[in-house]
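Enquirer: Sequence:
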Amino acid sequence: MPLTLHELTETVLGCVCAALQDTAAQVPGQPGCPCRACVVPGQPAWDWCDDPCGDKGDGGQLSVHVIRLFPTNPFPTEDRSVMGSRNCPMPSTTAAEIAVTVLRCAPTPDEEGCPPSCDELDQAARVLHVDSMTVFNALYCCLNGSEPGRRRGRKYVMGQQRTVGPQGGCVGIEQRVTVALPGCWPCPEDSP
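With our numbering, you'll find the sequence shown wraps up at 192, consecutive numbering, no jumps.
Any given hint could turn out to be false.
What the hints assert, rightly or not - Cross-link-like lysine to aspartate or glutamate pairs, in silico, DMTMM-like; alpha carbons within 20 Å at most:
#1 K155 - D22
#2 K155 - D79
#3 K155 - D47
#4 K155 - D110
#5 K155 - E10
Just so you know, the hints here were simulated from the structure itself, not pulled from any lab data. Just so you know, these numbers come straight off a predicted model, no measurement behind them.
Please construct the entire structure, taking both the sequences and the accompanying hints into account.
Expert: In structure tokens form, the structure reads like this:
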């Protein structure tokens, strides 16, 4: 159980990366999974919007991170029960809110300070929109079959997806999803 959360984030990362690759094979000009694809602690730094890989992979950055954990009863409602009272059971379900972020290069002004052309902006918007739909659909496909032993997969609630940027030459999407995890671990025998 200690690795449940990290394994979830790695599963989501792998699933979204594979979906981005599949989409790139179907949509001409669409970049695939960025070669910089990581589970990160906390909000991702926008370090790699360009191509950090040379000719080996697609530019940009894909990251998955945990936003928060909270007790839930019933899922996905946050359990606000006072703990420590008699006959008060430990939460049976923990909710993990995670974020998937995909960053790509954004058009920037040229050396003379002229803004990007409409064609450049349109191409960046196209890449962003395809990434947006790919990530959204990948999570539905991935999470449904991601928990062994459950016929219907994990319980989850899709959160909002928003565009992030453009900032510092980067633009992308952040998709949130809240996933049900097992509740608390059993307390040690010698706990008070």
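Enquirer: Determine which of the earlier numbered hints do not hold for this structure and return their numbers in increasing order.
Expert: The structure breaks hints 1, 3, 4; every other hint is satisfied.
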